[in-house]
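Colleague: Sequence:
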Amino acid sequence: MRTALLQITSSDDPEANLSMVSDLIRRAAAEGAEFVLTPEVTNCVSASRTRQEEVLRMPEEDPFLAAMPALARELGIWLLLGSIGLKTNDPDGRFANRSFLFSPEGAEVAWYDKIHMFDVQVSETETYRESAGYRPGTRAVVAEADFAPIGMSVCYDVRFPALYRTLAQAGARILTVPAAFSPVTGAAHWESLLRARAIETGCWVLAPAQCGTHAATRGRARSTHGHGMAVAPWGEVIVDQGTEPGIASFDLDLGAVDTARGKVPSLSHDREFTLDR
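Numbers 695 to 971, taken from the working numbering, label the letters of the sequence shown in order.
If you're looking for bench data, these hints aren't it; they were derived computationally from the structure. Ideal Cβ positions, reconstructed from N, Cα and C, are used throughout, including at glycine. Take the hints with a grain of salt, since some may be wrong.
Derived CB-CB ranges, DEER-like [said to hold, decoys possible]: (1) THR953 x ASP717: 20 to 30 Å; (2) GLU818 x GLY865: 36 to 46 Å; (3) SER886 x GLY949: 45 to 55 Å; (4) GLY913 x PHE854: 21 to 31 Å; (5) ASP786 x THR860: 21 to 31 Å; (6) MET695 x GLN863: 47 to 57 Å.
Cut-off 20 Å, straight-line C-alpha distance, at most; resulting in silico cross-link-like pairs (DMTMM-like, lysine to aspartate or glutamate) [stated by the list, open to error]: (7) LYS781 x ASP707; (8) LYS781 x GLU802; (9) LYS957 x ASP970; (10) LYS781 x GLU755; (11) LYS781 x ASP756.
With the sequences and hints as input, model every part of the structure.
Modeller: Right, dumping it as structure tokens:
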């Protein structure tokens with residue numbers, strides 16, 4: 695299946711991002727892609743809660759959620775909108791970091807809210823408190839695409855292998871990890887984490903990424919690691935997009951899942967154990 699990862703540098707202007715991403719999706723489809731994936735927070739990369747309050751929308755009012763399924767239907771493609779920030783009805787006022795899968799008919803097949811929040815201090819000058827602005831999800835999701843079951847996740851989720859084992863044992867053959875990884879943790883851990891999740895589960899791991907320095911109307915400009923990747927079930931890196939925006943297309947061979955799992959069927963080798971302290 696011809697598949698395309700989009701690597702982009704979203705700003706904090708959703709309207710401009712929608713135009714940019716729509717053009718890239720059209721280009722990917724014109725080049726033969728049947729399955730196109732975008733990164734985390736495709737609609738708005740911002741470190742400013744004030745700016746997010748200004749530009750994010752409720753799901754029924756969001757321009758991306760109006761445009762993307764229509765574009766999938768027009769182009770006849772499967773489309774993973776890696777994630778977008780959305781307002782919610784929660785009394786705490788926090789947003790949702792939500793991923794969507796759309797079918798070639800324009801149907802919303804599944805949605806997933808990022809479970810694990812990036813609350814870290816990676817250096818004296820680089821601190822993130824994602825949970826201050828975004829509420830965590832509570833449900834794991836395997837989306838039933840007609841070509842393969844897809845286990846959905848977002849970015850920091852990749853550090854929690856139990857989630858991916860659960861998805862794979864529930865039938866997932868592809869794992870999606872759209873991301874806006876920090877440059878520091880990305881350089882140290884990104885490739886290793888993606889390869890580990892592929893090897894542990896015998897799944898394809900598809901990880902479209904944000905890259906570069908993101909224009910900011912308010913607050914500080916964020917930077918992201920890039921290196922959108924496709925990792926095969928045996929752990930080989932098939933795509934590494936480096937640090938520049940663009941489209942990376944490749945053939946997704948789902949037979950590689952059976953091959954990898956046939957060699958090392960570890961998904962069926964769980965054993966109960968006790969912990970002594």
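Colleague: Could you run down the list of hints and mark each one as holding or not?
Modeller: Results of checking the hints against the structure:
One distance hint, 20 to 30 Å for the beta-carbon pair THR953 and ASP717, is violated here, with the actual separation near 36 Å. Restraint check, GLU818 to GLY865: a C-beta distance of roughly 44 Å satisfies the suggested window 36 to 46 Å. Distance hint for SER886 and GLY949: a CB-CB separation of about 26 Å, inconsistent with the stated range 45 to 55 Å. Here the CB-CB span from GLY913 to PHE854 is close to 28 Å, well matched to the stated 21 to 31 Å.
As the Cβ distance of ASP786 to THR860 is approximately 27 Å, the hint placing it in 21 to 31 Å holds. Checked against the hint of 47 to 57 Å, the C-beta distance between MET695 and GLN863 comes to roughly 23 Å, which is inconsistent with it. Of the pairs offered as hints, the one joining LYS781 and ASP707 holds, with about 16 Å between alpha carbons and a cut-off of 20 Å not exceeded. For the hint linking LYS781 to GLU802, the alpha-carbon distance of about 19 Å falls within 20 Å, and the restraint holds.
A hinted pair counts as satisfied when its Cα atoms are at most 20 Å apart, and LYS957 with ASP970 does not qualify at roughly 32 Å. This hinted pair checks out: LYS781 and GLU755 have alpha carbons roughly 10 Å apart, not beyond 20 Å. Distance restraint check for LYS781 and ASP756: the Cα-Cα separation of roughly 9 Å lies within the 20 Å cut-off, and the hinted pair is therefore satisfied.
Comparing the model with each numbered hint stated earlier shows that hints 1, 3, 6 and 9 do not hold.
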